[in-house]
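Peer 1: Here is what each chain is made of, one letter per residue.
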Amino acid sequence: MRGHTSAKTITTPAKRISVWKEADVVVVGGGPGGIGAAVSAARSGAKTILIERYGHLGGMATGGLVNIIPNLSDWSGKQHIFGITQELIDRLEKRGAVSYPKKADWGATDRKVVDYYLDAGLGWFYVRKDLNIGRERVLYTAVVDPEVLKDELNDMVRESGVDLLLHSWGTEALMEGATAKGVVFESKSGRQAILADVVIDSTGDGDIAIASGASFDGSLDPALRTSKLAIVFWLTNVDIARCDEFKATHPEEFNRLMKELVTLDGHPHYFKGVLESQERCVWFHFFQSHPDGKACDPMDVEELTMMDVRARKRALTTYEFFKKHIPGFERSFIMLTAPQLGIQGGRRIVGEYTLTEKDMESDEVFPDTIVVLANNDNGEVSARHPTLCVPYRCLVPEKIDGLLVACRAFSSADSINQYFNIIPHCLSYGQAAGVAAAMAARAGIQPRNVDYGELRAQLVAQGVKLP
Amino acid sequence: MEKGPSIKTIMEPASEVRVIREADVVVVGGGPGGHAAAVSAARNGADTVLIERYGHLGGMATGGLVIMVPHLSDGTNRMIIKGQCKEWLDRLDGRGAVAHQRYEDVGSVDKDIVEYWNDFHQFFVVEGRVQLAAMVDPELLKCALNDMVEEAGVKLFLHSWGTKTIAEGNEAKGVIFESKSGRQAILAGVVIDATGDGDLLPSAGAEFDRTISPNLRISTAAVVFRLGDVDTKKHQAFKKSDPRGYGELMNQLVKGGGFPVAQRSAREDVLWVSNWIPGLDILDVEDLTRAEVEIRKKMIFTHDYFRKNIPGFEKSFILDTASQTGTRGSRRLIGEYMVTEKDWRAGTTYDDTIAVIPQQRHVISDEFPLFHVPFRTLVPKKVDNLLVAGRSFSSDGVANNEYNLIPHCTLYGMAAGTAAALSIKAGVKVRNVDIKALKASLIEQDVVLPETLDTSVKPLPVTQAAKEAAPDEAH
Chain L
1 MRGHTSAKTI TTPAKRISVW KEADVVVVGG GPGGIGAAVS AARSGAKTIL IERYGHLGGM
61 ATGGLVNIIP NLSDWSGKQH IFGITQELID RLEKRGAVSY PKKADWGATD RKVVDYYLDA
121 GLGWFYVRKD LNIGRERVLY TAVVDPEVLK DELNDMVRES GVDLLLHSWG TEALMEGATA
181 KGVVFESKSG RQAILADVVI DSTGDGDIAI ASGASFDGSL DPALRTSKLA IVFWLTNVDI
241 ARCDEFKATH PEEFNRLMKE LVTLDGHPHY FKGVLESQER CVWFHFFQSH PDGKACDPMD
301 VEELTMMDVR ARKRALTTYE FFKKHIPGFE RSFIMLTAPQ LGIQGGRRIV GEYTLTEKDM
361 ESDEVFPDTI VVLANNDNGE VSARHPTLCV PYRCLVPEKI DGLLVACRAF SSADSINQYF
421 NIIPHCLSYG QAAGVAAAMA ARAGIQPRNV DYGELRAQLV AQGVKLP
Chain E
468 MEKGPSIKTI MEPASEVRVI READVVVVGG GPGGHAAAVS AARNGADTVL IERYGHLGGM
528 ATGGLVIMVP HLSDGTNRMI IKGQCKEWLD RLDGRGAVAH QRYEDVGSVD KDIVEYWNDF
588 HQFFVVEGRV QLAAMVDPEL LKCALNDMVE EAGVKLFLHS WGTKTIAEGN EAKGVIFESK
648 SGRQAILAGV VIDATGDGDL LPSAGAEFDR TISPNLRIST AAVVFRLGDV DTKKHQAFKK
708 SDPRGYGELM NQLVKGGGFP VAQRSAREDV LWVSNWIPGL DILDVEDLTR AEVEIRKKMI
768 FTHDYFRKNI PGFEKSFILD TASQTGTRGS RRLIGEYMVT EKDWRAGTTY DDTIAVIPQQ
828 RHVISDEFPL FHVPFRTLVP KKVDNLLVAG RSFSSDGVAN NEYNLIPHCT LYGMAAGTAA
888 ALSIKAGVKV RNVDIKALKA SLIEQDVVLP ETLDTSVKPL PVTQAAKEAA PDEAH
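Chains as they are written, first to last, in this note's numbering: chain L, 1 to 467; chain E, 468 to 942.
None of these hints come from the bench; they were simulated from the model. Just so we're clear, the structure is a prediction, and the values are computed from it rather than from any experiment. Heads up, the beta-carbon is just placed ideally off N, CA and C, and yes, glycines get one too. One or more of the hints may lead you astray.
To be verified - No farther apart than 25 Å at their CA atoms in a straight line, the calculated lysine to any residue pairs in the SDA-like style are these: (1) E:631 with L:17; (2) L:94 with E:836; (3) E:647 with L:105; (4) L:94 with L:105; (5) L:8 with E:481; (6) E:849 with L:13; (7) E:809 with E:834; (8) L:94 with E:782; (9) L:78 with L:456; (10) L:323 with E:560; (11) L:323 with E:563; (12) L:102 with L:272; (13) L:21 with E:761; (14) L:188 with E:643; (15) E:701 with L:237; (16) E:765 with E:711; (17) E:782 with L:243; (18) L:313 with L:339; (19) E:700 with L:237; (20) E:764 with E:696; (21) E:925 with E:818; (22) E:765 with L:272; (23) E:622 with L:317; (24) L:15 with E:475; (25) E:631 with L:302; (26) L:272 with L:125; (27) L:15 with E:650; (28) L:313 with E:620; (29) E:647 with L:12; (30) E:782 with L:237; (31) E:765 with E:751; (32) E:782 with L:241.
Claimed, not checked - Not the full set, but computed from the structure, chain E residues with beta-carbon under 8 Å of chain L: (33) 476; (34) 480; (35) 482; (36) 607; (37) 609; (38) 626; (39) 744; (40) 767.
Please work from the sequences and hints to get the whole structure.
Peer 2: Set out below in structure tokens:
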């Protein structure tokens with residue numbers, strides 16, 4: 001009887017719970033999607049509540065320690081993502097908390113500029129080979145200070161008049177038939193409800209939408225990034241000059257050591273800190289496959305636990321190896337392991353439109369385009385199709401009313417979700433969802449019936465560039 | 468859209484919750500109390516589940532960045548707090564992951580040793596004698612705590628928020644928790660509430676006391692942060708060369724809303740900065756939110772001030788902020804026994820003592836005796852199959868204020884976990900566990916109890932300085 005899984009259920013009785021507040025729009029999740037949604041909803045005039053599980057905003061960008069906002073430009077250096085993403089970069093610039101190539105270098109082929117990022121190990125974020133000209137070029141990508149970003153996001157949220165609750169875990173939607181009427185959340189104050197005309201699910205994984213009965217696609221290809229769980233950790237007090245010197249003077253030895261590290265289940269690739277405050281920092285961001293070779297199921301808490309424990313072990317192995325063997329790391333220490341798991345992908349809600357790979361090649365400008373994204377990671381396809389439009393309908397669940405999805409879980413096939421579920425993308429989906437939700441609440445209509453012409457006008461007024 | 472006055476409540480319908488596991492013991496909360504409870508329960512043969520809200524274990528010691536484990540000895544050369552707390556130090560020793568005095572120097576009055584550790588941190592010396600204490604590396608402690616849980620065979624659920632007790636009448640049967648897998652249940656023979664705040668007590672029907680006097684440390688909250696790349700030698704030298712000037716600078720910092728108490732850590736180049744924000748109810752999520760947002764701003768101001776005005780901070784940066792709010796006190800169980808201020812001052816002893824604890828600020832003497840904690844402070848009055856482990860042990864505000872620190876909670880956790888396992892083995896209610904067997908097991912787990920206290924070491928004479936010493940705050 002004891003000690004193994006059970007097929008039982010228990011019944012929890014019907015219960016009265018208190019309503020914390022009512023609003024026009026409630027956003028669940030304060031990561032990039034939720035920030036975009038809450039700030040733009042409030043700026044569009046909606047009474048807006050934002051609830052966040054952790055004690056900070058920013059999701060993967062802060063708590064996930066993925067402090068990079070990439071791919072704002074295409075290979076040629078033309079910027080496509082503006083709106084709230086650009087606003088955040090501007091605000092961080094005022095505080096000396098962001099680093100990005102100067103505008104003149106976007107699309108640069110100059111070896112000095114390209115090599116600077118390659119040397120820092122940041123090629124994946126900053127450099128692409130432009131197949132049209134056969135040369136490597138620099139992308140407009142930004143690195144941010146996560147601690148300053150947390151504070152800046154607090155400011156943005158407060159200034160726009162959003163009602164914020166931290167340490168609050170949104171668990172399900174309140175439903176009337178197939179219409180969402182609010183959410184239930186847990187916190188130290190107990191189980192409470194928030195009533196709202198529109199619920200925006202920015203949980204990253206569509207937790208609220210799924211609990212509301214929305215149909216979803218949970219298939220994950222174990223070969224893709226989306227099927228893996230990442231661990232990010234930072235080392236500091238690194239004398240990086242000594243390490244560089246060792247790599248330059250003893251390349252075979254360095255490579256041999258890195259190979260040995262891999263056999264010990266460690267991870268050899270590090271990125272250099274490029275912010276002024278990060279001169280002595282290096283960070284590691286590595287993906288972990290499920291040990292059985294299948295896709296990780298990020299909705300299985302036992303798997304999450306197993307991967308988290310394993311990741312921490314691998315981080316420790318990696319750190320101790322560098323400390324023991326690599327000059328420059330003798331006095332380094334683990335600054336921080338990311339408090340938020342690096343879930344790369346998972347369930348995707350089935351929306352009024354599902355983005356697929358063919359949309360990369362169609363060059364279609366949808367009637368309801370909400371953002372234009374740079375298409376930088378698809379080789380020949382990217383060479384011919386440098387951009388991709390995303391329609392509003394990808395945020396609207398097929399059958400559930402009163403609900404929008406603005407995060408990683410937007411309606412898309414796994415194969416394309418892997419490229420377009422990143423921080424600046426989610427900020428953009430959030431921005432559109434927020435405006436649409438405010439419009440729906442004001443007019444007393446369902447989000448799926450929002451007038452696109454007006455939505456487009458408001459997005460443009462908020463600095464989003466649309467075709 | 469016009470919003471009318473808020474509707475006060477809504478009705479949530481009944482639901483079927485999937486039972487994911489049945490176990491002997493389920494512990495909710497993986498901080499010092501809960502981690503110790505789970506490890507002790509498993510080591511004593513119980514099939515044990517541990518549920519933890521964050522992605523790491525250690526609670527305040529890791530996620531809270533309160534990296535200090537203080538007051539482990541009593542001014543003599545006796546180590547009083549051992550058990551799993553000492554195991555932490557043993558596992559971190561030799562890895563550059565902990566700073567503590569040598570065990571042979573505990574109780575020393577050697578002038579140089581005392582001066583070194585007094586400069587390091589005021590809690591490492593008590594009345595001119597070395598008092599064993601440690602600063603730990605939170606990241607490496609997270610790893611060590613995972614190892615302990617894995618080796619003991621505890622079934623771990625991270626990223627899982629225990630929300631309520633499943634109770635049938637006066638019997639606890641298990642817990643409900645939320646996670647990315649949805650709402651699920653775990654059934655168990657004994658439930659241990661190690662949430663720190665007794666979050667499971669209301670749904671269990673157990674009585675608790677939430678009142679906290681505003682003049683107590685436990686009425687304040689914090690968000691701790693760390694500063695890196697600090698030239699500590701330069702900082703210390705500056706402080707020593709001009710204490711009045713330094714004090715003035717700190718006054719200015721405080722006037723501007725900043726936090727002056729920067730403390731040493733396990734590394735020479737890292738300081739941790741704590742704070743004490745009054746007037747917040749940490750069970751009120753709006754207050755928690757306010758604390759996080761305001762402290763984050765003041766943290767930035769504090770760091771900028773240090774960089775601009777204090778030698779040693781020219782190249783410093785904000786290493787990190789605690790992912791867990793620094794909460795110090797809230798609900799306390801009303802248990803079969805409640806330790807009080809009177810017990811603290813009198814050094815009351817019991818037949819069911821499960822923890823012996825040194826004074827924080829005084830060497831052990833007849834006037835400041837060791838503090839004893841009985842098993843009954845972990846046991847609710849009416850509810851069966853439920854124990855608390857940690858900060859919410861049954862105590863009045865004053866006693867709780869003294870004895871709810873990290874090392875103390877590891878002792879309460881060890882007792883709760885061991886009692887749960889032994890009672891299940893013996894087939895008795897946990898409130899009726901055989902106290903002799905419990906004590907014997909704790910002693911085997913290296914816990915110091917009255918039976919094993921080295922009585923050849925006599926209490927020290929109380930000094931005038933001790934009598935006059937004012938309470939100080941750094942926890």
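Peer 1: Each hint should be assessed against the structure and marked as holding or not.
Peer 2: Hints versus structure:
At roughly 14 Å between alpha-carbon atoms, residue 631 (chain E) and residue 17 (chain L) fall within 25 Å of each other, so this suggested pair holds. The suggested pairing of residue 94 (chain L) with residue 836 (chain E) is violated, with an alpha-carbon distance near 56 Å, which exceeds 25 Å. The straight-line distance between the Cα atoms of residue 647 (chain E) and residue 105 (chain L) is roughly 42 Å, outside the 25 Å bound, and the hint therefore fails. Distance hint between residue 94 (chain L) and residue 105 (chain L) is fulfilled; the C-alpha atoms sit about 21 Å from each other, no more than 25 Å.
Distance hint between residue 8 (chain L) and residue 481 (chain E) is fulfilled; the C-alpha atoms sit about 16 Å from each other, no more than 25 Å. Using a Cα cut-off of 25 Å, the hinted pair residue 849 (chain E) and residue 13 (chain L) holds, with the two alpha carbons roughly 22 Å apart. With a CA separation close to 13 Å, the supplied pair residue 809 (chain E) and residue 834 (chain E) stays within the 25 Å bound. This hinted pair checks out: residue 94 (chain L) and residue 782 (chain E) have alpha carbons roughly 20 Å apart, not beyond 25 Å.
At roughly 21 Å between alpha-carbon atoms, residue 78 (chain L) and residue 456 (chain L) fall within 25 Å of each other, so this suggested pair holds. In summary, the hint linking residue 323 (chain L) to residue 560 (chain E) is supported, as the alpha carbons are separated by about 16 Å, within the 25 Å threshold. The suggested pairing of residue 323 (chain L) with residue 563 (chain E) holds, with an alpha-carbon distance near 11 Å, which does not exceed 25 Å. Among the hinted pairs, residue 102 (chain L) with residue 272 (chain L) is consistent with the structure: their alpha-carbon atoms are about 19 Å apart, no more than 25 Å.
The suggested pairing of residue 21 (chain L) with residue 761 (chain E) holds, with an alpha-carbon distance near 22 Å, which does not exceed 25 Å. Under the criterion of a C-alpha separation no larger than 25 Å, the hint pairing residue 188 (chain L) with residue 643 (chain E) is consistent with the structure, at around 15 Å. Taken as a hint, the residue 701 (chain E) and residue 237 (chain L) pair is honoured in the structure, with Cα atoms around 18 Å apart against an allowance of 25 Å. Distance hint between residue 765 (chain E) and residue 711 (chain E) is fulfilled; the C-alpha atoms sit about 24 Å from each other, no more than 25 Å.
The suggested pairing of residue 782 (chain E) with residue 243 (chain L) holds, with an alpha-carbon distance near 21 Å, which does not exceed 25 Å. In summary, the hint linking residue 313 (chain L) to residue 339 (chain L) is supported, as the alpha carbons are separated by about 15 Å, within the 25 Å threshold. A distance of roughly 16 Å separates the Cα atoms of residue 700 (chain E) and residue 237 (chain L); the hinted pair therefore holds under the 25 Å criterion. Restraint check for residue 764 (chain E) and residue 696 (chain E): satisfied, since their Cα atoms lie roughly 21 Å apart, inside the 25 Å limit.
The hinted pair formed by residue 925 (chain E) and residue 818 (chain E) meets the criterion: a straight-line CA distance of about 22 Å does not exceed 25 Å. For the proposed pair residue 765 (chain E) and residue 272 (chain L), the alpha carbon gap of about 29 Å is over 25 Å, so the pair is violated. Restraint check: the Cα-Cα separation between residue 622 (chain E) and residue 317 (chain L) comes to about 23 Å, which is no more than 25 Å; the hinted pair holds. At roughly 13 Å between alpha-carbon atoms, residue 15 (chain L) and residue 475 (chain E) fall within 25 Å of each other, so this suggested pair holds.
About 20 Å separates the Cα atoms of residue 631 (chain E) and residue 302 (chain L), which keeps this hinted pair within 25 Å; it holds. Simply put, residue 272 (chain L) and residue 125 (chain L) have alpha-carbon atoms about 12 Å apart, close enough for the 25 Å limit, and the pair holds. The straight-line distance between the Cα atoms of residue 15 (chain L) and residue 650 (chain E) is roughly 16 Å, inside the 25 Å bound, and the hint therefore holds. Distance hint between residue 313 (chain L) and residue 620 (chain E) is fulfilled; the C-alpha atoms sit about 17 Å from each other, no more than 25 Å.
Annotation: proposed proximity of residue 647 (chain E) to residue 12 (chain L) holds, straight-line Cα distance about 19 Å (limit 25 Å). As the CA atoms of residue 782 (chain E) and residue 237 (chain L) are separated by approximately 12 Å, the hinted pair is consistent with the 25 Å bound. As the CA atoms of residue 765 (chain E) and residue 751 (chain E) are separated by approximately 21 Å, the hinted pair is consistent with the 25 Å bound. Straight-line distance between C-alpha atoms of residue 782 (chain E) and residue 241 (chain L) comes to about 17 Å, which keeps the hinted pair within the 25 Å bound.
About 4 Å separates the beta-carbon of residue 476 (chain E) from the nearest beta-carbon of chain L, less than 8 Å, and the hint is met. Given hint, residue 480 (chain E) at the interface with chain L, holds; its Cβ is 5 Å from that chain's nearest Cβ, closer than 8 Å. At a threshold of 8 Å, the smallest CB-CB gap from residue 482 (chain E) to chain L is about 5 Å, leaving the interface hint in force. Nearest Cβ of chain L to the Cβ of residue 607 (chain E): about 7 Å, under the 8 Å cut. The hint holds.
Evaluation of the residue 609 (chain E) hint against chain L yields a held restraint, the C-beta minimum of about 6 Å falling below 8 Å. Of the supplied interface hints, the one on residue 626 (chain E) holds, with its beta-carbon coming within about 5 Å of a beta-carbon of chain L, less than 8 Å. Among the interface hints, the one on residue 744 (chain E) is violated; its C-beta lies about 14 Å from the nearest C-beta in chain L, farther than the 8 Å criterion. The beta carbon of residue 767 (chain E) is positioned within 8 Å of a beta carbon in chain L (closest approach about 6 Å), and the interface hint is therefore held.
In summary, the numbered hints that this structure violates are 2, 3, 22 and 39.
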